[in-house]
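Novice: Below, each chain spelled out in residue letters.
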Amino acid sequence: MPEWRRALAAALIGGVSACIFTVIWGILLLFAGIEPILIPLQGAFISGMLTGVFSEIKSLGEAKSFFISIGLGSILFLFLNDFSPWNINLEKQALAAGLGTLWVILITVWSTRKVLAGIKLEGLDRDEIERLTIRIFQGMGLLFFIIIVAFPFIYMVITSLKSQMALLTNPTDLSISFESGMGGLIKSYQEVWTTFQFQRYIWISTVVSVGTVGITLSLSILGAYSVTRLRFPGRVWLSRSILIIYMFPAIVLVIPLYSIFSQLQLRNSLLGLFIVYPATTLPVALYMLKGFFSTLPAELEEAGRIDGCSRLGVIWRITLPLSLPAIASVALYVFMIAWNEFLFAFMFLDDPEIFTLSRGMVSLNSSEVPRQYLMAGAVMVTVPVMVLFFWFEKYLVSGLSAGAVKG
Amino acid sequence: MPRSPLARKEAGLAYALLLPALAVVLSIVLLPVLANFWISFKAVELSDLRPPKPIVKLQLRQWPKNHGDPLVIRYSLRNSSQKLPVNNILSRQKLPAGMLVQELDSRCVFSNNELRCEFDHWPAGYREKIQNVFITDDTFTTSKKTFKQSNIEISGEAENILTSFQFTLKNYIKIFTNPEFFFVLKTTFLYTLLGTLGSLFLGLFAAQLLNQHFAGRGFLRGLFLFPYVSPVIAVAFTWVLLLDPFSGTLNTMLVKTGFLSEPLNLFGQRSVMLNLFGFEVQFPLALSTVIAFESWRYFPLAFLFILARLQSIPNELYEAAKMDGASPMQQFRFITLPQITGILSVMFLLRFIWTFNKFDDIFLLTGGNAGTRTLTVDVYEQGFALADLGAGSAVAVIIFALLSLFMILYFRFLPQGEEESNA
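One line per chain: the protein sequences are A and S, in this order. If you read the first sequence in numbering that gives the first Met the number 0, its first letter stands for residue 0, the second for the next number, and so on. If you read the second sequence in numbering that gives the first Met the number 0, its first letter stands for residue 0, the second for the next number, and so on.
With the rest of the complex left out, here is chain S (with noise of 0.2 Å):
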């Protein structure tokens, strides 16, 4: 389709406008997501992110005592890294006044007071000891001390493990073969089912309770919201202390009224036998505490929208409902719950997927133990805790692709012009 010359203007301004955004974000979101792809197939760890290096080391085997004596110099060579190889090293050292030639190793040659040494190729791992010797005239006057910190300047090239074509799939592997993964699935699954609906039920309660008017109202919205407005690590410490087993109030406090008989590491204990009419109940208690700090901490988001959601439903309607004869609990189950799926259901779906995402909450109040572990928890536990970042990125793509299966899910239920309307 031919355009105009004032359409084509108008994209081209477009696009400028567009283009500082777009390149921050593609620079640092989209290419990351696309970096973790690639990483999931190497064999990367935390320490392969400094390059191989070719590292040398001198060693002093004989010092002159007099004019005539040989010095004898070993250089310990080796390859920082153990996976891959440095090629075309080259090592330069200039040495002081004085000395001559006795015995120099094939790969080294010595001119102009300057010693340079070339190796074509040094495998990963690769460890030389190689050895040369000199002898002293009268003009030799450096001390043992300067001579030991004389600078060698070595170069080589490698290839960087992130940059380099060989990929492998033992991340996932080694991923899908722990029975631990299954568990981890399992308890992500849980922790974002039920900290959303914890989220969604408080807010939907509390949004209830100031859909009315009355004294010190505005004062209960600007308090409800809290616990979402503060820092996540000032309420994640505050809470670990409350409920410390040894030294927390609330466990104090329920041993000494008799709640209790002895105190509950709430965070750190997998889980409690329960008596439920006679049968014995595992019961995850870690997990459960992380639960409710979740629904504690998010619920203020879920209030704000359905109290914006119930003040925008018009009175009429409730008028009528109670000419018609209808009790308080029908005006709720028949005026306002229809009136409020719909942002309950776009509220669970964004609150899915954050929930599904969040990392900072579970991992400053329990760091994922005691059976708290979930996927985005063990990109952590994967990559920097047992340093192997390949593994850990092969996490961070299960992630991605179960967020994608949401967001699928997401713009499918999505009521129409829902998008527009929420911002």
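The shape of chain A in the complex, shown without the other chains (with noise of 0.2 Å):
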């Protein structure tokens, strides 16, 4: 028998995992369009502490009181919950249980002995319960973590691509519905890439973000070299200016440029964005390259000015090539900025014709609109942002990390 201590931790360790394991295989049933009942946990409870207990008989050798704590806790767990865990019936969805029973078990084992490992527990050593107690927190912060943050998005493609009947009528069912065919899948989407004119909208946000990241690009470069490498009086000043004026908020900007771009017939069109979007920018992209830029050695640039290079050409032949990976990061970070933007988009543009894809979102958020074709534009509106960002995740995570003041 395990020291006592040791046999109490592991039963509250294996009960407590059953039972989140036990939520968690429910959860996933969903997506199997099948209707679980979480509660109660009592049998997850008892049968988990009891599995926890029998994992950690070493007297029988590792793999022995492996295969027993499995075999008995399974049994336990089916047992303690009717023989049918999760409300499902054993004859019609054995699969499902027998394998969420299995599942469980295992899991409730493997996190048991991971988290005892090296853990003697003889006695109150501070030491040992601080890293137990740890060690439970960073299991189940990973799970909550990886919920938390991955639930939303699947959500997101799965009500996507079901039909506005099995919304309504069941709103816990994540299962896709395969019934009617890839076109019956993909229907909200094609609805929303033509009806709604997602092909035309999705080209727009394309030109004005690359047109935003040229613009923004080309005139920060020259201004960043300027304050990092020429000296001119006032260069101190204009440093700490242009972290002031990217921290103002464009809400405060709104009426004002609404009022002036009426005026001047340049609200409702795509050049009032051209204009703005590298304005709010280039306050951020002058800070990141600016910080870049003063991380070169300026021995270099000498010695190019030496060699007879002019300014713009010490720029172009030397910095630049130099600096290629943090103009990289500026670019997806001020691309990211503008294909998000919501705000200006959303004040400025009346017209459908010129929408970009976050305005055009806008107009899906009606209550005549089905919800799902609201999902396939949101999915619509994040898969080129991810594609970007797995492709070049190294330069998107230096971008976010040096521009992180902006929100």
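Quick caveat, the hints were computed from the structure, so don't treat them as lab data. Among the hints, erroneous ones may be present.
To be verified - Partial list, computed: chain S residues near chain A (C-beta under 7 Å):
| no. | residue |
| --- | --- |
| 1 | 23 |
| 2 | 35 |
| 3 | 236 |
| 4 | 240 |
| 5 | 244 |
| 6 | 358 |
| 7 | 375 |
| 8 | 399 |
All C-beta atoms in this analysis are idealised placements derived from N, C-alpha and C, irrespective of residue type, glycine included.
Assembly of the complex is requested from the two constituent chains, each provided in isolation within its own frame, with the hints serving as guidance.
Specialist: Shown next, in the form of structure tokens:
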């Protein structure tokens, strides 16, 4: 028998983890279209406790105690849940119930052993108790974060693939139905793409974002070089103002820009966005590039100057090639801001012919438009950013870190 | 101080390189900020953005059946603005051949088939009807329909309310005498403070979790950035659908499992009564949900920064502490925490400022209803929903003033050198 303190700890860990994973399996069953009952969890808790204790009986040998705890735990789990865990009919959905039981017990054994590994608990050692607590928190924390981060995105995709009927009849059914074939599955995407003109908006958003990146980069490279490398009166003051300006909220600019642009006929035109987006992203870009340029050794540029390069030549031939990674970061960051921008697009664009994706999404948010269309739109807005993100994660992460002052 | 020609040349180049960027930022960021102050002292409404215009409409009172019959035209004149006058109005209308004047308004002249009418001054809200009577002869062949469509050119000089020099304190009085405003202020601070703390806390927790080596760590790091990287419009609508009281998955799930007896309208209900140890407490429901969203969406940023800082703490410190018998909690308390207070305080100030500035999230989640209206949403509410641009600008000025205060604090408390090393 394991030492009583250790047994107690194993029981507690086993019980809690069995409960947690029973609930998680229940949620997973929703994705399979099975309606589980999650509560009561007493059965899971008691069988988890005993499984935890069995798995720690090391006198039988590692492998033996493993198989015994799995076997006994599974039987107990089934027995305590009246042989219909999650209220599943064993005859009809034996696979879901059986797999679930096995999964819950396996993971209970695994997590109990993982948490207790290297901890003896022979006395009340502060170090060991803290390590134990930290491990439990870590395990639960990781689960917590994975669920809260991933679930909304999974929900977004699944909702976009469902039919209006299915959504209204049972909101907890998260399964995807293949009954109406591929066409039925992606119907909302087709609708949003054609009827709601997202094929057009995605193109407009791309042009606006790429254009913003181009304008912002070309202006900010010159400006940032000037602030870091050249000496002129007002330089320190200017560097600091850049930081201040880019904390100005867009909402403070909206009323004056709306008024001025209305009178200049710039409102309701993409030209207006091409002016506003670079202006609002320039301070961030300047700030980020300034930070990067100042890490480059000035000697390289001086050498270039001595060899007869002009200032602009130095920027073009030496500074730019050396700072390509930083420029990529800035470009991605600016692209992301422009692509995700909502406020100005919402305030400035009235004509459905020139909507950006963000603006187009607003017209999907109406009681007359089915909700799966809204989610299909959301997926379409999100996917390009995600693709870029995974492709250039390294650059984007360094961009985020450098420009994070912007919210 | 005399400066060398070389230094002057360098400064010249510097200004030339900076000019385009500065010009854009000055005209689109700084100028509007100033304009905002200007507008906040004016009585401007959304409809005033169209400048006052003289408007004339033609009405045929009598159409000649035979040659020699009178043709009576009535002109309805109107100043489009209810606030500003229009001056030196001139209207010109080309009339078809075969019309002779019989009776003309004293301000009109008819020559070369052109009717010219001049007016000195139309006050705000001015309306008048004038009538001109003509006699037609046999060269008059125009049909009634074409005549009705004949073009009248009218022009006038009007002050633009945006550029006039009339100021008022009405907007500020309106804002400050509205009891709702102090509620908005309170909501803003609650939202800002708790949203910031929430995202920092989650970020710190997540960074601690990922500050160790295990399989899948790189993937999780990428995953944890999702909420921040994806477009706000997509994630906000997803939350709204997910938490919907009638057809949302979360509510249905909680009701089915018995946690809730009836669904909670998480974004639409101002508050719920909670029974805490026998005390009835009003719990602001929608505001809490919005704060939860804010924490969820921005924790990745704090996570990224704190993780970077954690990874730069030399391992020797922990090894030395272990040798001295420090428990994990003690190691956290005495090594990790002091090492990350710098980044935590910078993140706090920055996140505080940015949460304070945030508009999109609340606007998309609740539209500022159910007790979630912050100052930024109030700008929109006053300026566009209620169409009072002046009042909206006044709120924006208040935002700007508070923001300046935070920025002074930021620069005061910024650890020395942090500003440079941050980038």
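Novice: Against this structure, judge whether each hint is valid.
Specialist: Evaluated hints:
At its closest, the beta carbon of residue 23 (chain S) sits 5 Å from a beta carbon of chain A; the interface hint therefore holds under the 7 Å criterion. Taking 7 Å as the C-beta cut-off, the interface hint given for residue 35 (chain S) holds, the closest approach to chain A being about 5 Å. The closest approach between the C-beta of residue 236 (chain S) and any C-beta of chain A is roughly 6 Å, which is under the 7 Å cut-off, so the hint is satisfied. Of the supplied interface hints, the one on residue 240 (chain S) holds, with its beta-carbon coming within about 6 Å of a beta-carbon of chain A, less than 7 Å.
A distance limit of 7 Å between C-beta atoms decides the matter here; for residue 244 (chain S) the minimum to chain A is near 11 Å, and the interface restraint is violated. Contact between residue 358 (chain S) and chain A, as hinted, is supported at the beta carbon level, the nearest pair being about 5 Å apart and thus within 7 Å. Against a cut-off of 7 Å between C-beta atoms, the interface hint on residue 375 (chain S) holds, since the closest Cβ of chain A lies about 5 Å away. Residue-level restraint check for residue 399 (chain S) holds (minimum Cβ-Cβ distance to chain A is 6 Å; threshold 7 Å).
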